[in-house]
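Asker: Residues per chain are reported as follows:
2 protein chains.
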Amino acid sequence: MTIFTAGILIIGDEILSGRTQDTNANFIAKQLTSSGIKLEEIKVIKDQTKIIVESVRSFSQKYSYVFTTGGIGPTHDDITSESIAAAFDKEYEINREAFNILEKYYPDGEFNKSRQRMAKMPADVHLIYNPLTAAPGFVLNNVYVLPGVPKIMEVMFINVLKNLKKGKPKKITTINTNLYESKIASFLKDTQEKYKECSIGSYPYFNFLSKTGGVNISVSSWTMSSLDDVEKEIIEMIKLNGGNYSIV
Amino acid sequence: MTIFTAGILIIGDEILSGRTQDTNANFIAKQLTSSGIKLEEIKVIKDQTKIIVESVRSFSQKYSYVFTTGGIGPTHDDITSESIAAAFDKEYEINREAFNILEKYYPDGEFNKSRQRMAKMPADVHLIYNPLTAAPGFVLNNVYVLPGVPKIMEVMFINVLKNLKKGKPKKITTINTNLYESKIASFLKDTQEKYKECSIGSYPYFNFLSKTGGVNISVSSWTMSSLDDVEKEIIEMIKLNGGNYSIV
Chain A
1 MTIFTAGILI
11 IGDEILSGRT
21 QDTNANFIAK
31 QLTSSGIKLE
41 EIKVIKDQTK
51 IIVESVRSFS
61 QKYSYVFTTG
71 GIGPTHDDIT
81 SESIAAAFDK
91 EYEINREAFN
101 ILEKYYPDGE
111 FNKSRQRMAK
121 MPADVHLIYN
131 PLTAAPGFVL
141 NNVYVLPGVP
151 KIMEVMFINV
161 LKNLKKGKPK
171 KITTINTNLY
181 ESKIASFLKD
191 TQEKYKECSI
201 GSYPYFNFLS
211 KTGGVNISVS
221 SWTMSSLDDV
231 EKEIIEMIKL
241 NGGNYSIV
Chain B
1 MTIFTAGILI
11 IGDEILSGRT
21 QDTNANFIAK
31 QLTSSGIKLE
41 EIKVIKDQTK
51 IIVESVRSFS
61 QKYSYVFTTG
71 GIGPTHDDIT
81 SESIAAAFDK
91 EYEINREAFN
101 ILEKYYPDGE
111 FNKSRQRMAK
121 MPADVHLIYN
131 PLTAAPGFVL
141 NNVYVLPGVP
151 KIMEVMFINV
161 LKNLKKGKPK
171 KITTINTNLY
181 ESKIASFLKD
191 TQEKYKECSI
201 GSYPYFNFLS
211 KTGGVNISVS
221 SWTMSSLDDV
231 EKEIIEMIKL
241 NGGNYSIV
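Protein chains in written order, with this note's numbering: chain A, 1 to 248; chain B, 1 to 248.
To be clear, the hints were calculated from the coordinates, so they are not data collected in a lab. Everything numeric in this text was worked out from a predicted model, so none of it was measured.
It does not matter which identical chain is used: a pair holds within one copy or between any two.
Here are the simulated lysine-lysine pairs, PhoX-like style, with alpha carbons at most 25 Å apart:
{"hint": "1", "residue 1": "Lys46", "residue 2": "Lys166"}
{"hint": "2", "residue 1": "Lys30", "residue 2": "Lys43"}
{"hint": "3", "residue 1": "Lys38", "residue 2": "Lys168"}
{"hint": "4", "residue 1": "Lys46", "residue 2": "Lys90"}
{"hint": "5", "residue 1": "Lys30", "residue 2": "Lys151"}
{"hint": "6", "residue 1": "Lys183", "residue 2": "Lys113"}
Work out the full structure, taking the sequences as your base and the hints as a guide.
Answerer: Here it is in structure tokens:
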């Protein structure tokens, strides 16, 4: 079975300064997981050519798909497109199709020099259309270049995803219990050893006001045909230990 | 002037699967920025020993400080501590001080084998105390190992931060305007070229319902003594172009 993998590059000083809470990685991650594409790594990097070039090259070699967000607007700090051209030794030039789309979108006289910058791309790309604000992203080799504004990125990503080769979606079930993590830890370890084809994660939470807490036990697998047996064993164990459970 | 740098490693399959939206990186990023520590990179990686070892080694060499979150609980998928021991060729063993803290915290008979696992750490660490749920983090060389649960991580991080050597805080001002990004792009480019010691970022936003939008212009510098001149020039430009502005 082919496993398709992915890496995400979030490009932007504003994430590293803490000014902006990134939500693009999480949006893409969810979509990939349910599409059978395994997200291996997320990296947040500065708006700096050298770092973008190195990261794009390395991700492009390691993963089936690379998604970048940010840095394709009209201003001087938008350097993603030219950096990606450099990463793949391509010319950085006006893309005629992008130019025409943008020219048509803006009222007469409004398609100024800064806006024309959004039509500059590496040679030999395919466009990713933007139904909201016209300015397209692009794909070059296995690298999908998307904008940073979440609403726009999301619409464009969904369109990209439709045409990607996908794997079998990851099977996931989550069991919530009021038992504490340490109470069930050794059982979960044994269960993990018994079912090596799935991955059992244990995510505790606490409510500091009510001083209550519990665990979400997540069972997931890219290869098993059913998680029913694992789920059943975990529920039995919770009952045996006098805990409550629910499937989340 | 010494510039202190930092890297963050978010360790956890649940972030990569999209199950959990990470907020720890943003919390740490904000605190670092206002403490004069320059966050250079954030990386989200899987719960897998080899990847943790490589990432910790590389970050530890590149940055003044490394912060990791996640993977130090009592269950089988918590492998951060032993991976960090491996990264620095240290024994992975019971830390007496951590053991005593946890033993005291739990009622008689409740300090079971799984919980004792939380006292296993690399040799030669210093503890990072946990005022909420007892289980400590630790620091080894320049690597600060913190839990993944945000409320706990945040309290522990604030305590860690108090004792770090810091730089001069980054100066930041943000000017909001209703002008579109492409209208001001060429001015911002010139201003950026004039004031090379600051970094001018331009962050557009759109309201798709009201079809209005604008830009937040962020000016920041690690070295300039004042941003007043840059701010004044940008405001003048906004007025000249008939836009509104406010300092955010």
